[in-house]
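Chemist: Next come the chains, spelled out residue by residue.
Number of protein chains: 2
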Amino acid sequence: MNIPQSNLPRVVIIGGGFAGINLAKNLANKNIQVVLIDKHNYHTFQPLLYQVSSSGLEPDSIAYPLRKILKNHKSSFFRLAEVEQIVPETNTIVTTIGEITYDYLVIATGTKTNFFGNKDIESHGMPMKTVPQALNIRSLILQNFEKAAIANTNEEREALLNFVIVGGGPTGVELAGAIAELKNNILPKDYHDLNPDDMKIYLFEGSDRVLSSMSKHASKKAEAFLKDLGVNVNCNTTVTSYDGSKVSTNSEMVMESETLIWAAGVIGDPIQGLNKDVLIDKANRYKVNAYNQVLDYENIFAIGDIALMECKDYPNGHPQVAQPAIQQGKVLGKNLIRLINNKALKPFKYKDKGSMATIGRNKAVVDLKHYKFGGFFAWFVWMFVHLMSLVGFRNRVVILFNWTYNYINFDKAARLIIRPFKK
Amino acid sequence: MNIPQSNLPRVVIIGGGFAGINLAKNLANKNIQVVLIDKHNYHTFQPLLYQVSSSGLEPDSIAYPLRKILKNHKSSFFRLAEVEQIVPETNTIVTTIGEITYDYLVIATGTKTNFFGNKDIESHGMPMKTVPQALNIRSLILQNFEKAAIANTNEEREALLNFVIVGGGPTGVELAGAIAELKNNILPKDYHDLNPDDMKIYLFEGSDRVLSSMSKHASKKAEAFLKDLGVNVNCNTTVTSYDGSKVSTNSEMVMESETLIWAAGVIGDPIQGLNKDVLIDKANRYKVNAYNQVLDYENIFAIGDIALMECKDYPNGHPQVAQPAIQQGKVLGKNLIRLINNKALKPFKYKDKGSMATIGRNKAVVDLKHYKFGGFFAWFVWMFVHLMSLVGFRNRVVILFNWTYNYINFDKAARLIIRPFKK
Numbered sequence: 001m002n003i004p005q006s007n008l009p010r011v012v013i014i015g016g017g018f019a020g021i022n023l024a025k026n027l028a029n030k031n032i033q034v035v036l037i038d039k040h041n042y043h044t045f046q047p048l049l050y051q052v053s054s055s056g057l058e059p060d061s062i063a064y065p066l067r068k069i070l071k072n073h074k075s076s077f078f079r080l081a082e083v084e085q086i087v088p089e090t091n092t093i094v095t096t097i098g099e100i101t102y103d104y105l106v107i108a109t110g111t112k113t114n115f116f117g118n119k120d121i122e123s124h125g126m127p128m129k130t131v132p133q134a135l136n137i138r139s140l141i142l143q144n145f146e147k148a149a150i151a152n153t154n155e156e157r158e159a160l161l162n163f164v165i166v167g168g169g170p171t172g173v174e175l176a177g178a179i180a181e182l183k184n185n186i187l188p189k190d191y192h193d194l195n196p197d198d199m200k201i202y203l204f205e206g207s208d209r210v211l212s213s214m215s216k217h218a219s220k221k222a223e224a225f226l227k228d229l230g231v232n233v234n235c236n237t238t239v240t241s242y243d244g245s246k247v248s249t250n251s252e253m254v255m256e257s258e259t260l261i262w263a264a265g266v267i268g269d270p271i272q273g274l275n276k277d278v279l280i281d282k283a284n285r286y287k288v289n290a291y292n293q294v295l296d297y298e299n300i301f302a303i304g305d306i307a308l309m310e311c312k313d314y315p316n317g318h319p320q321v322a323q324p325a326i327q328q329g330k331v332l333g334k335n336l337i338r339l340i341n342n343k344a345l346k347p348f349k350y351k352d353k354g355s356m357a358t359i360g361r362n363k364a365v366v367d368l369k370h371y372k373f374g375g376f377f378a379w380f381v382w383m384f385v386h387l388m389s390l391v392g393f394r395n396r397v398v399i400l401f402n403w404t405y406n407y408i409n410f411d412k413a414a415r416l417i418i419r420p421f422k423k
Numbered sequence: 001m002n003i004p005q006s007n008l009p010r011v012v013i014i015g016g017g018f019a020g021i022n023l024a025k026n027l028a029n030k031n032i033q034v035v036l037i038d039k040h041n042y043h044t045f046q047p048l049l050y051q052v053s054s055s056g057l058e059p060d061s062i063a064y065p066l067r068k069i070l071k072n073h074k075s076s077f078f079r080l081a082e083v084e085q086i087v088p089e090t091n092t093i094v095t096t097i098g099e100i101t102y103d104y105l106v107i108a109t110g111t112k113t114n115f116f117g118n119k120d121i122e123s124h125g126m127p128m129k130t131v132p133q134a135l136n137i138r139s140l141i142l143q144n145f146e147k148a149a150i151a152n153t154n155e156e157r158e159a160l161l162n163f164v165i166v167g168g169g170p171t172g173v174e175l176a177g178a179i180a181e182l183k184n185n186i187l188p189k190d191y192h193d194l195n196p197d198d199m200k201i202y203l204f205e206g207s208d209r210v211l212s213s214m215s216k217h218a219s220k221k222a223e224a225f226l227k228d229l230g231v232n233v234n235c236n237t238t239v240t241s242y243d244g245s246k247v248s249t250n251s252e253m254v255m256e257s258e259t260l261i262w263a264a265g266v267i268g269d270p271i272q273g274l275n276k277d278v279l280i281d282k283a284n285r286y287k288v289n290a291y292n293q294v295l296d297y298e299n300i301f302a303i304g305d306i307a308l309m310e311c312k313d314y315p316n317g318h319p320q321v322a323q324p325a326i327q328q329g330k331v332l333g334k335n336l337i338r339l340i341n342n343k344a345l346k347p348f349k350y351k352d353k354g355s356m357a358t359i360g361r362n363k364a365v366v367d368l369k370h371y372k373f374g375g376f377f378a379w380f381v382w383m384f385v386h387l388m389s390l391v392g393f394r395n396r397v398v399i400l401f402n403w404t405y406n407y408i409n410f411d412k413a414a415r416l417i418i419r420p421f422k423k
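Respectively, the protein sequence lines represent chains A and B.
According to my numbering, the residues represented by the first sequence are 1 to 423, in order.
According to my numbering, the residues represented by the second sequence are 1 to 423, in order.
Among these hints, one or two may not hold up.
The list treats identical chains as interchangeable, and a pair is accepted whether it falls inside one copy or across any two copies.
[Unchecked claim] Straight-line C-alpha distance at most 27 Å; calculated DSS-like pairs for lysine-lysine:
1) Lys276 / Lys372
2) Lys71 / Lys220
3) Lys200 / Lys71
4) Lys227 / Lys422
5) Lys330 / Lys30
6) Lys353 / Lys422
7) Lys246 / Lys30
8) Lys216 / Lys334
9) Lys216 / Lys422
10) Lys39 / Lys189
11) Lys112 / Lys422
12) Lys119 / Lys189
13) Lys71 / Lys147
14) Lys220 / Lys334
15) Lys330 / Lys353
16) Lys343 / Lys287
17) Lys422 / Lys39
18) Lys227 / Lys119
19) Lys351 / Lys30
20) Lys200 / Lys74
21) Lys39 / Lys147
22) Lys330 / Lys227
23) Lys129 / Lys423
24) Lys189 / Lys343
25) Lys216 / Lys246
26) Lys112 / Lys189
These are computed hints drawn from the structure, not numbers from a lab.
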């Protein structure tokens, strides 16, 4: 794939998510040749995908060109490709644009949506892990509004205005809240040919509370916020089938809906070629040691969501969110430099900075180690932390302006069907 | 199509471009039922499409939801549809979402790209009249850069880095300049695996000067600006064929190129059903009288690019740019109100506010009636006029910020391949 030969050790990083870019940044200009491979030419700020889906933010403001991240790194290279296979025997990977050898390989491919083998839901449900997927949801919601305005029967209109979200984790909760704001703030203004009361938002969660990875305090507050906004919250309920119109659940609840968004789980997206035993079956994560080295391999590493580092505090691995990925990327950067210089590696230790979720305007929940809170201040903290975590000054300013504008005007201004979604 | 029946006279407007939205705004809350129909749910600010193509602006900042334009208009309705036929005998139009009757019909469908019957160029060339088309060009340019970085032969790399733009009107000139800025400012920073000198931009114009609708002064300055930026300008040259790789011209110039952008002409996009004699064949524009009434029809009007109003100052009709469309939309709004109230109509009189084009950073040309100028001040005027013409405060601020950011940083920050373009 045409990477210049050099005497520098070559680190190949697969994936430009939080883990991959933080690693790449830490290897910049350190006498290491870095090759960053991704199937998109941009980094996606996944925590804000739901705002793209709900017309709050434009897609370009949560995406950042990967080449721009590497721009001052003289010995770093970006390649737009998908990796098809790892051949550890020859230190080679096979990609859609050819083969490349590595001295050190880092797998940072993250996760994809887990449909738990349900083919029906996979065919008809909407995942939300990438920018194009988020844009598909945005188009579908807006197309449904347009179709509802000309629906001939109440049944048809009902199915178009029922929005079903499966999964009560942060993604599902945040998206349900944002879609409820479309109902509350946008329909009355822009769709005077629709009755906002006809629009219903259903959130389904299999466990007994939303945000089950957070404190009970947060779950309770989040559920109250969701109900405030008019979301129909159903815990202890799983969606069992969806054929594109009929939604069935494990309770007696059944409904017609043109939109089912699936945010009920993720699964690792591993690559062919490594000894299967190093993979954990259930979540498809690579088992790694405290240095993020994939077990059995000296020069292959995994970081971020795809890595399973079992440790005392996290016997089932770290949470699959941005912070562990960012921290592992940074630490592995330093460790690779140590390794190349024959120095001892330092084990990874996760610093839990807390967790948070936003449900809507002035409504968020934050869990810190010793302090849990919700409401306006939590919402403000959520915004600040997300703005600061964004890559790039331009994106930060555009997002801050959009948030301010939307806040003042009770608006979600990016209500554009640029590419219609074909069901 | 489910528009409420009322006693108000109904005006159906086909097309939400400059003409259509200015008409709709002027009919708001005037005891008239307005139905605005468009195949997109947003208004496109066409003069800035080329900045989307060249990664300077995000698509969402030049698009504005049509429903938002109508939001305080209680008796105005938006419908997302394509119009298939006009049946003047029954005052009905047939659309993709059903039929609707009108008391007054206004055709504001604008123009589409004119390939002058060349099927090869139509299949392989890239038009740039809509946001999705502009995004296709953005993706293709960036994909070509990525492919060039891994090209195996010089010929392959050359074809990927040759960018051919056909048509030396404002669109072609502005796009050529913007692509040249990618070469000059972005390749050296972000693509250190490419040699910027390998990238070539060719502009072809059939007449003897670029910007032939403007003054000779403007043409001369624009050509000098383009050459400054490294654009290869070829006047008196037409592209005769393009098969997706080989470009042939009417001179001996021949080249291989993966990208040919066609900005060489537009043609009206009329609708089936009206007496063909009222159409001018060559440009497919509806002949209208001084009140924008389509000849032979009492209650059918055409405004904007699709209307051909022959008058003393403009024997071949008004220029097909934003200003005549905006002004005709406003004047027809007042005239329709007069018509409904049985008052005498006032003829349309075009106020020429001048014309302008920008070639790049600090480089623009402006023709006013008594004053023609170019350079930094012209560029500043160009920006100011375009900002002020944009619909919506949010879009203005986002664009102003992007321009400022890109200006300071010599950047074009939206270098994202969100949906890859498949050739």
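Chemist: Tell me, which hint numbers fail for this structure?
Modeler: 1, 2, 4, 6, 7, 8, 9, 12, 14, 18, 22, 24, 25, 26
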